[in-house]
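Use these hints to put chains D and F onto chain U, whose structure you have.
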Amino acid sequence: MMARPAPGLTLGPTLFHWDAERWRDFYFRIADEADIETVYLGEVVCAKRRPFILPHLAKVHERLKKADKDVVLSTLALIMTADELDEIRQTIADPDLIFEANDISTASLLAERRHVIGPFVNAYNEGTINYLAKRGAYRVSLPAELSLDMLEALGQTDAVKDISLEVQVFGRLPLAISARCYHARAHDLHKDGCQFVCGNDPDGLTIETLDDEPFLAINGTQTMSDTYCSLLAELPALMAAGIDKFRLWPHSCDMVQVAVLFKDVLNDTIAVEEAEARLDEIVGDVPLANGYLHGREGRLWVEAAAE
Amino acid sequence: MAVTGARAKSKAIAGDLELICPAGTPAALRAAVDAGAEAVYLGFRDETNARNFPGLNFSPEELATGLEYAHARNCMVFVAINTFPRAGAPEAWHRAIDCAADLGVDAVILADIGVLDYAARQHPDLRLHLSVQASASNAEAIRFYHEEFGVRRVVLPRVLTVEDIAELNSRIPVETEVFAFGGMCPMAEGRCLLSSYVTGKSPNITGVCSPASHVRYEERGSELVSRLGDFTINIFQQSDAAGYPTLCKGRFVADGRASYLFEAPTSLNVLPLLPELMAAGVSALKIEGRQRGRAYTAQVVAAFRAAIDACRRGESIPEMPQLADVTEGQRETSGAYRRAWR
Amino acid sequence: MLNSPTMTDFLNETLDSSEQGGRGAVGAGRRSMVPPFSPVLLGGLLLAPVPDLLLRPLLRAVMAAVAKQHQGMFERLGSYADTVFLVDPIDLPIRFLLQANAKQPKLTIAREADAPQATAAIRGSLLALIDLLEGRVDGDALFFSRRLLIEGDTEAVVALRNAVDGEEIHIIDDILVRAGPLARPARRAAKHLLRLTRRAGADMAMLQNALLQPAMERIEAQTAAVDHLRQSMSRGSSPRRRRAPRTLAVQE
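For the protein sequence lines, the chains are U, D and F, in the order given. The opening residue of the first sequence carries number 1 in our numbering; numbering runs sequentially from there. The opening residue of the second sequence carries number 1 in our numbering; numbering runs sequentially from there. The opening residue of the third sequence carries number 1 in our numbering; numbering runs sequentially from there.
A hint or two may mislead.
Pairwise CB distance ranges, derived in the manner of DEER restraints [stated by the list, open to error]:
no., chain 1, residue 1, chain 2, residue 2, range
1, U, Gln90, D, Gly150, 26 to 32 Å
2, D, Asp102, U, Gln156, 28 to 34 Å
3, F, His170, D, Ile317, 31 to 37 Å
4, F, Gln71, D, Gln237, 40 to 46 Å
5, U, Asp86, D, Asp309, 36 to 42 Å
6, F, Ile171, D, Glu91, 40 to 46 Å
7, U, Asp149, D, Glu315, 22 to 28 Å
8, D, Gly256, U, Arg89, 42 to 48 Å
9, U, Asp96, D, Gly150, 30 to 36 Å
What the hints contain is simulated information worked out from the structure, not anything from laboratory work. Model, not experiment: these values are computed from the prediction. Cβ coordinates follow ideal geometry from the N, Cα and C atoms, glycine included.
If we strip away everything but chain U, and leave its shape as in the complex, we get (with noise of 0.2 Å):
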């Protein structure tokens, strides 16, 4: 029988459209400079995107593989026409090569290989994780609205003891995909002739409410939250409960030492409110959160010293 994983960092892939040239030398920094164990490479947002990393996939590839990093390949989360289903089809052919799939349809196309089941597949419980695990999925990154009480019944499940199982800790979190592009429409675009208006926000867009509070954040097709998720001070109790698998998510702050303030964390060599006040020094101008957690609202903030 296989054991769970020790834990470790992962870097999600990048879910904004960032310039080709700046996200290949933001994975060749990666390479060289992070403490990360994981690294998912590859456009899920947007079909549209894809082209643009293309040539530079290989290389950074190559670069994370010599610095010692297990390399994944995400795939699209919203599969919608019979070409993009061939584009996944040719993505997947190299048998060498491992994915996640954002979409259950690629998790079928890979079935019988390792592959990582993505947080835009719904896998809440035991039942659906133990299924996928037996058709070749090896980590499950789980959805982000789970609280600690519901990730804990999970890990106390026999059904998911020999699978490695993930939840994303830092950045803004993915909250819903959509055929309709907001970038597009906020610039009074249609999607066909976006102009790649959401490369201008290499964080993505904060929208507002009519009273100015800022609300979500708009990528793409993509919404995701206005705030950064953070979960520095959980890490201890997110362990327990059995996850192994740590994920942030790329932003454009200093993400080798968002790695290392997460790390230590792990590895129990910095105090919790330290981490937390350089974490705060790195984002900047930006709130935290991390409600969904404590089995609340997502946006909220819930000081762990209150429990």
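Below, chains D and F alone, put in the same frame as chain U:
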């Protein structure tokens, strides 16, 4: 395979559109049946279905009575068990499936893979439909649910154009059901956490979106402000048609400009598209609105009954001005079925 | 006609009293709803001086009749059975408090002092409220078209609406069900009266619209212009991005 009398009869006309209607209460069920529904769909009064609203839905006894009423009038009953069980506690979902199967419903509408697996193993004769909450938007996803669990029909997510649907139908071995009228999600259903981010209650776990418990209406001078949780979702002038503060149907500010960024408070209405949807190989039309009153159910079902019957006779679709009264924001859209929507 | 002293007095009184009652969970919503000019409004003027003493037994009888025949409604209300609802027919000079508890359902006349104990309010014309009660109209549709206003605990109102809609309530039949040999003629008379009221209401609303429409349009256009101006001014002066509080702390 167990096929009820109602089902066998209703499929008499090949390539026809079946009319699937919402029933939030037994009274609405009777209204839908009487107005000409070929099937009604409903949920149990708990967290196992995606319209877990106060005062709504069916007890097992009410379902039994409803089944009797519907089957006596050649109408099918589908039961939606389409939320995602909490880890470690799938019993309520399993019980719901057992109960529906024992009472002899015509199909259950499911979303969660674990629940589908349970239903397929425990009740091999139970007809399975895939809920829109499963977000199966392409041929491979649909094939997965068909081959793994024997799903016979899939409710398509509201992200596809009519052309996409026609193409899809040529590649899959199962029936498709599409949304025809009512509230519409601009997001891929079942993959949206907006409600829990703002209110802590989600469609997938709790079975609610933008729940009434978090809704407040406030007056500010001559304006009506609709709020969800701590956020203003919309502000209406005295003369504006109002809307419920569903959080994706408010006005928000992007780059300094206020607009209905995600979707306006509007109702989907596919009446003008009926011939196209028929040609695209769609098997069934679904009316949204288990949370709406039985007057809504009766009105919308009767209108669609008349329209489908007109289509059957090869006549043009009659105007249905009465539908304007029950549409949200008193506006209509053909939604994602037209590419321009994107 | 609109300037008749009685009418103005009545309107003013309604507006004032609802403002006073607006300190509780349910606010001063009545202010924003103009009662439709209808036979109910005129009839209501006659009702104003009728002492509660006479109305009370009638309300008790109504509630007893509904409770007897629609037990299912109370089950559907679940945890909202003890909620106190303010039911406000805006064209009547009286308002009601409703508590749909299965054991002891209560429908009473709301005094000003009572308003704060209501956790939710439902306001609309009497005919709209009766239509809603009997399931003839969709509550959402009434609300979308601004003919229904709800305040306070929205979920409680939704629960009540769903519970009521799940019953096939016919208020006249329900009340007259025990009236014995008189039931049939009484029912016929009541329904005839209701039909007449409805038709006259439509005629009077048309008249009202014809008289008031031009003025209303002008006022609304002005209001909208002012609001627009105010909004654009406030938007222009506030920073577009500002730092949200680092912690939106909640006690667990």
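Results of checking the hints against the structure:
1. Gln90(U) <-> Gly150(D): 26 to 32 Å: holds, 30 Å
2. Asp102(D) <-> Gln156(U): 28 to 34 Å: Holds, at about 30 Å.
3. His170(F) <-> Ile317(D): 31 to 37 Å: holds, 34 Å
4. Gln71(F) <-> Gln237(D): 40 to 46 Å: Once the Cβ atoms are compared, 43 Å apart, the range 40 to 46 Å for Gln237(D) and Gln71(F) holds.
5. Asp86(U) <-> Asp309(D): 36 to 42 Å: Between Asp86(U) and Asp309(D), where Cβ atoms are some 40 Å apart, the hint holds.
6. Ile171(F) <-> Glu91(D): 40 to 46 Å: holds, 42 Å
7. Asp149(U) <-> Glu315(D): 22 to 28 Å: Taking Cβ atoms as reference, Asp149(U) and Glu315(D) lie about 57 Å apart, which means the hint is violated.
8. Gly256(D) <-> Arg89(U): 42 to 48 Å: holds, 43 Å
9. Asp96(U) <-> Gly150(D): 30 to 36 Å: Because 34 Å falls inside the window, the suggested range holds.
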